[in-house]
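Engineer: Sequence:
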Amino acid sequence: MAHPNRLQDARVLIFGGTSGIGFAVASLCLSQGSTVIISGSNQPKADKKASELRSIYPNIPKEKVSGYGLDLADSANIETRLTELFEKITNGGKDKIDHVAYTAGDIGNIPTVPQVTAENAMVSFEVRYIAVLLVAKLLSTGKYMPQSPTSSLTLTGGVNTKKPMPGWTLMAARGGTADGMSKGLAVDLAPIRVNYVEPGAIHTELVQKLEDAHPGVIEKFKGATLTRTVGEPSDCAEAYAWFMRDRFANGTVAATNGGQLLANSGFN
1 MAHPNRLQDA RVLIFGGTSG IGFAVASLCL SQGSTVIISG SNQPKADKKA SELRSIYPNI
61 PKEKVSGYGL DLADSANIET RLTELFEKIT NGGKDKIDHV AYTAGDIGNI PTVPQVTAEN
121 AMVSFEVRYI AVLLVAKLLS TGKYMPQSPT SSLTLTGGVN TKKPMPGWTL MAARGGTADG
181 MSKGLAVDLA PIRVNYVEPG AIHTELVQKL EDAHPGVIEK FKGATLTRTV GEPSDCAEAY
241 AWFMRDRFAN GTVAATNGGQ LLANSGFN
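Numbering of the sequence shown is given in the working numbering, commencing with residue 1 and proceeding in unit increments.
Don't read these hints as lab results, they were simulated from the structure. Be careful, since some hints might not be right.
[Stated by the list, open to error] The list that follows gives simulated cross-link-like pairs (lysine to any residue, SDA-like), each with its CA atoms no further than 20 Å apart:
hint: 1; residue 1: Lys49; residue 2: Ser19
hint: 2; residue 1: Lys49; residue 2: Leu85
hint: 3; residue 1: Lys96; residue 2: Lys162
hint: 4; residue 1: Lys137; residue 2: Ala121
hint: 5; residue 1: Lys222; residue 2: Val207
hint: 6; residue 1: Lys137; residue 2: Gly93
hint: 7; residue 1: Lys49; residue 2: Leu206
hint: 8; residue 1: Lys222; residue 2: Gly259
hint: 9; residue 1: Lys96; residue 2: Pro164
hint: 10; residue 1: Lys64; residue 2: Lys137
hint: 11; residue 1: Lys64; residue 2: Ile89
hint: 12; residue 1: Lys183; residue 2: Gly223
hint: 13; residue 1: Lys137; residue 2: Val207
hint: 14; residue 1: Lys162; residue 2: Val113
hint: 15; residue 1: Lys49; residue 2: Gln32
hint: 16; residue 1: Lys64; residue 2: Gln43
hint: 17; residue 1: Lys222; residue 2: Pro164
hint: 18; residue 1: Lys163; residue 2: Arg6
hint: 19; residue 1: Lys183; residue 2: Ile130
hint: 20; residue 1: Lys162; residue 2: Gly251
hint: 21; residue 1: Lys48; residue 2: Leu70
hint: 22; residue 1: Lys209; residue 2: Gly223
hint: 23; residue 1: Lys45; residue 2: Gly69
[What the hints assert, rightly or not] Computed beta-carbon distance windows for the label pairs:
hint: 24; residue 1: Arg245; residue 2: Pro114; range: 43 to 49 Å
hint: 25; residue 1: Leu206; residue 2: Asn120; range: 16 to 22 Å
hint: 26; residue 1: Pro146; residue 2: Lys88; range: 36 to 42 Å
hint: 27; residue 1: Gln115; residue 2: Gln32; range: 42 to 48 Å
hint: 28; residue 1: Asn120; residue 2: Arg54; range: 35 to 41 Å
hint: 29; residue 1: Gly93; residue 2: Arg245; range: 22 to 28 Å
hint: 30; residue 1: Asn120; residue 2: Ser31; range: 37 to 43 Å
hint: 31; residue 1: Gly142; residue 2: Met122; range: 27 to 33 Å
hint: 32; residue 1: Gln8; residue 2: Ala76; range: 36 to 42 Å
hint: 33; residue 1: Gln208; residue 2: Asp95; range: 32 to 38 Å
hint: 34; residue 1: Met122; residue 2: Gly93; range: 30 to 36 Å
hint: 35; residue 1: Asp71; residue 2: Leu261; range: 30 to 36 Å
hint: 36; residue 1: Asp246; residue 2: Val113; range: 37 to 43 Å
hint: 37; residue 1: Glu238; residue 2: Glu79; range: 31 to 37 Å
In this text, all values refer to a predicted model and were calculated from it rather than measured experimentally. We put the CB at the ideal spot given by N, CA and C, even for glycine.
Build out the structure end to end from the sequences listed, making use of the hints.
Structural biologist: Here you go:
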């Protein structure tokens, strides 16, 4: 029997799909015949990136790619906005989503422990924690995703949870939420499968912002790995594809970090 292409005709929703790892996941899925819906923080960027994906794959039908603007940090309205999004992209539940990849999140200003306040400590958790739980709540209804091991939700953490750089306590905590939530949600959403990807330094727009603000940081990232490289978004995207394809992978992690946990850190 020929090995099946399990992404062919799958419907994939990617939060954070307008840049970095999420955009690479969208490109990978399109290359395998999926229908892709990307969500970003604003509609103009979502439209632009959807058009960019169509230009990369000019032979695919236009309707295979769509983009939607959604501010995941708008915690006061996020549940309503998410519900509106799921209603629209599934045609009221008639055209269910098979996979959700959640890559959204910004590095932003990372307060150190002496700088932390109750307010700035919670800002990033609006996107990486609250919004994720509300996405899971919608998937749990059975209206928008088949309740089956063919369905999956993949979250995003980070290697800094296990080996944080100095001053990155909050970054480690952000990544740790994906670990705990993926395991809890794997139990509570079963038989939908829930996993998380744990990237190291991937050369995304966010990492480039760090480099621009602190020249030389990318070289330090390279020195903190065994491969002496930083990852590319297209490399990391393969981890998300694994979780979509492997119907027996559940409640686990895919680490893609160049062997950082085994290397002598360039930051110490």
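Engineer: Provide an ascending list of the numbers of those earlier hints which the structure does not satisfy.
Structural biologist: Checked against the structure, the hints that fail are numbers 3, 4, 9, 10, 12, 13, 18, 26, while the rest are satisfied.
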